[in-house]
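S.K.: Residues per chain are reported as follows:
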Amino acid sequence: MSNSVLFKSSIAKKYFMALTGLFLCTFLIGHLLGNLQLIFNTGEEGRRAFNEYAYFMGHNLFIQVLSYTTYLALIIHAVDGIMLTIQNKKARPVNYAYSNPKANSGTASRNMAILGTLILVFIATHMANFWWKAKITKEIPMHSLVKTVDYPVGQNPATGEMVTKPIEVTYYLQTNGTYQQFKVKDPSTGQEQKLMELKNKHEFYDITSGVKMGEGYKDLHSVVMTFFSKENSSALFGVIFYVISMLVLGYHLWHGFASAFQSLGLNHPLYTPIIKKIGMAFSIIVPFLFAIIPVIIYIYH
Amino acid sequence: MASKFINITLKIWRQKNSKAKGALETYTLDNVSTDSSFLEMLDQLNEQLINEKQAPIAFDHDCREGICGMCSLYINGRAHGPDSGITTCQLHMRMFKDGDTIYVEPWRSRAFPIIKDLMVDRSAFDRIQQAGGFVSVNTSGRTMDANAIPVPKADADKAFEAAACIGCGACVASCKNGSAMLFVGAKVSQYALLPQGKVEAKDRVLNMVRQMDEEGFGNCTNTGACEIECPKGISIENIARMNREFLKGALTKA
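As given, the protein sequences belong to chains S and H, one line each in that order. Position 277 (the first sequence) corresponds to 277 in the working numbering; numbering is contiguous. Position 210 (the second sequence) corresponds to 210 in the working numbering; numbering is contiguous.
These are calculated hints, taken from the structure and not from any lab test. Nothing here was measured: the structure is a model prediction, and the numbers come from that model. Ideal Cβ positions, reconstructed from N, Cα and C, are used throughout, including at glycine. Be aware that a few hints might be false.
[What the hints assert, rightly or not] Negatives, chain H to chain S, calculated, CB over 12 Å: (1) Leu49; (2) Gly178; (3) Glu245.
[Unchecked claim] Listed next, the in silico BS3-like pairs over lysine-lysine satisfying Cα-Cα at most 30 Å (straight line): (4) S/Lys8 - H/Lys11; (5) H/Lys21 - S/Lys90; (6) H/Lys116 - S/Lys90; (7) H/Lys97 - H/Lys202; (8) S/Lys89 - S/Lys138; (9) H/Lys158 - S/Lys102; (10) S/Lys13 - H/Lys176; (11) S/Lys89 - H/Lys19; (12) H/Lys153 - S/Lys8; (13) H/Lys97 - S/Lys90; (14) H/Lys158 - S/Lys276; (15) H/Lys253 - S/Lys102; (16) S/Lys13 - H/Lys153; (17) H/Lys21 - S/Lys276; (18) H/Lys198 - S/Lys102; (19) H/Lys11 - H/Lys248; (20) S/Lys89 - H/Lys198; (21) H/Lys97 - S/Lys276; (22) H/Lys198 - H/Lys253; (23) S/Lys8 - H/Lys4; (24) S/Lys138 - S/Lys212; (25) H/Lys253 - S/Lys13; (26) H/Lys176 - S/Lys90; (27) S/Lys89 - H/Lys176; (28) S/Lys13 - H/Lys248; (29) H/Lys176 - S/Lys277; (30) H/Lys158 - S/Lys277; (31) S/Lys89 - H/Lys97; (32) S/Lys13 - H/Lys158; (33) S/Lys102 - H/Lys11; (34) S/Lys276 - H/Lys153.
Build out the structure end to end from the sequences listed, making use of the hints.
M.R.: Listed below in structure tokens is the structure:
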């Protein structure tokens with residue numbers, strides 16, 4: 001009997017809600033630390049650092065296991081929440097004609113299911129805009145860099161001076177840390193010469209010999225920057241939607257963080273007030289830091 | 001305080017029996033003393049209804065001194081009405097103003113079916129209690145004196161606070177999920193805290209929670225509404241204790 005009650009009973013459902021919820025809170029911290037790199041590192045170095053970080057997150061085995069655990073936790077949290085909500089609605093088939101819930105409970109605590117659904121909508125759009133492109137359709141361009149260099153074209157026979165000409169060179173960043181010349185272009189004539197060929201979306205092959213020269217990084221940094229930059233006509237909508245979603249997340253955490261401890265039976269006169277304060281701080285600081293990133297990108301990029 | 005008389009409008013849930021479809025009916029009642037209790041006001045209304053040859057309103061009440069747990073009523077959107085730490089019999093009409101409209105509804109819960117009008121069947125609580133809310137005592141005639149077992153004062157106090165629950169059902173009525181966790185949490189705690197109760201603690205919590213789920217009560221969202229509306233001020237700390245006890249029981253009971 002004991003094994004089945006750990007899944008079926010009302011209290012066990014709350015344990016799962018609490019455990020997955022707290023796990024997702026730790027995920028938020030990790031995700032936030034990654035996002036903050038978008039604004040703390042700038043220029044080519046910042047872009048490079050971010051894309052290298054993204055590559056690490058996508059290829060490290062431990063992170064891979066952690067990310068699948070996160071998907072699982074999210075699914076359990078959502079499904080369990082839906083099951084609980086259905087049961088809770090069934091427990092009161094006829095509603096009160098007159099109710100005054102403000103008198104005895106907080107707004108966030110009464111609307112966890114609605115807030116959670118809104119967060120799920122945000123996650124769905126977030127995955128479609130970013131995760132889907134990065135993982136499934138692999139539409140993300142490679143990390144490349146265009147530099148104009150003075151290319152020697154010969155010697156002036158009269159003076160003996162070197163004659164140079166500006167040429168646009170496209171470099172691709174490779175996973176071994178070096179840049180690889182990909183193509184060159186003469187801006188005056190518009191003539192272009194490809195040195196490399198991109199295969200399998202991320203592998204560089206020498207065009208003359210057909211030998212693989214290296215692999216590139218996905219330019220996730222530019223995807224984010226373009227998405228939220230003023231040049232993108234839908235960026236403002238994106239920023240507003242993002243900020244509102246973080247507000248919703250904050251409300252969800254406002255109740256959820258401390259509530260998880262109560263569900264797990266961790267209520268103590270000494271520690272519960274501390275847990276509640278940490279929960280309040282967490283629910284304000286984390287969503288706030290998430291939300292200011294697209295705002296800063298929109299204003300400054 | 002000088003007593004006053006007020007005129008009020010009442011919107012009261014009328015329902016012939018458990019099967020019938022109920023509705024809110026409007027009544028006006030004049031000259032209600034502000035010193036009268038809410039139940040006395042309903043008595044006055046029933047007298048008026050009887051004089052008008054109408055069926056009186058059925059509502060639960062018994063001791064009328066705040067200890068039996070019989071009176072219920074969801075008044076103006078709150079269990080036991082707009083005051084804290086009281087049952088409906090302890091609610092006085094001085095809490096209302098002349099000309100007020102007062103909504104009176106029964107406890108709303110699938111597990112508390114309406115018997116008639118404002119009366120609900122709370123025997124689901126009895127069945128939860130019967131599932132484990134007791135200490136098995138050897139009645140051989142040589143039962144040990146309970147006072148012979150040392151109990152720390154702090155534990156005894158906490159157990160007593162939990163045992164103050166009168167089983168009125170205000171927790172279920174105020175909970176947005178119709179959850180009975182405060183009631184069951186209090187009943188589990190009052191035994192789990194004492195040495196006499198610890199012996200059967202694991203079976204008790206598993207059986208009482210199973211019965212609670214079978215009765216169709218909702219789940220706890222930790223809104224805290226129950227402890228605010230509880231006439232006996234039972235803390236949701238008891239729900240956390242039940243959650244701990246349940247985990248212990250579920251993990252170790254074969």
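S.K.: Give a verdict on every hint.
M.R.: Checked hints:
no. : hint                : verdict
1   : Leu49               : holds (20 Å)
2   : Gly178              : violated (4 Å)
3   : Glu245              : violated (8 Å)
4   : S/Lys8 - H/Lys11    : violated (40 Å)
5   : H/Lys21 - S/Lys90   : holds (18 Å)
6   : H/Lys116 - S/Lys90  : holds (21 Å)
7   : H/Lys97 - H/Lys202  : violated (50 Å)
8   : S/Lys89 - S/Lys138  : violated (42 Å)
9   : H/Lys158 - S/Lys102 : holds (29 Å)
10  : S/Lys13 - H/Lys176  : holds (17 Å)
11  : S/Lys89 - H/Lys19   : holds (20 Å)
12  : H/Lys153 - S/Lys8   : violated (37 Å)
13  : H/Lys97 - S/Lys90   : violated (36 Å)
14  : H/Lys158 - S/Lys276 : holds (22 Å)
15  : H/Lys253 - S/Lys102 : violated (41 Å)
16  : S/Lys13 - H/Lys153  : violated (34 Å)
17  : H/Lys21 - S/Lys276  : violated (44 Å)
18  : H/Lys198 - S/Lys102 : violated (38 Å)
19  : H/Lys11 - H/Lys248  : violated (47 Å)
20  : S/Lys89 - H/Lys198  : violated (35 Å)
21  : H/Lys97 - S/Lys276  : violated (38 Å)
22  : H/Lys198 - H/Lys253 : holds (14 Å)
23  : S/Lys8 - H/Lys4     : violated (55 Å)
24  : S/Lys138 - S/Lys212 : holds (20 Å)
25  : H/Lys253 - S/Lys13  : holds (19 Å)
26  : H/Lys176 - S/Lys90  : holds (11 Å)
27  : S/Lys89 - H/Lys176  : holds (9 Å)
28  : S/Lys13 - H/Lys248  : holds (15 Å)
29  : H/Lys176 - S/Lys277 : holds (25 Å)
30  : H/Lys158 - S/Lys277 : holds (25 Å)
31  : S/Lys89 - H/Lys97   : violated (34 Å)
32  : S/Lys13 - H/Lys158  : holds (27 Å)
33  : S/Lys102 - H/Lys11  : holds (21 Å)
34  : S/Lys276 - H/Lys153 : holds (28 Å)
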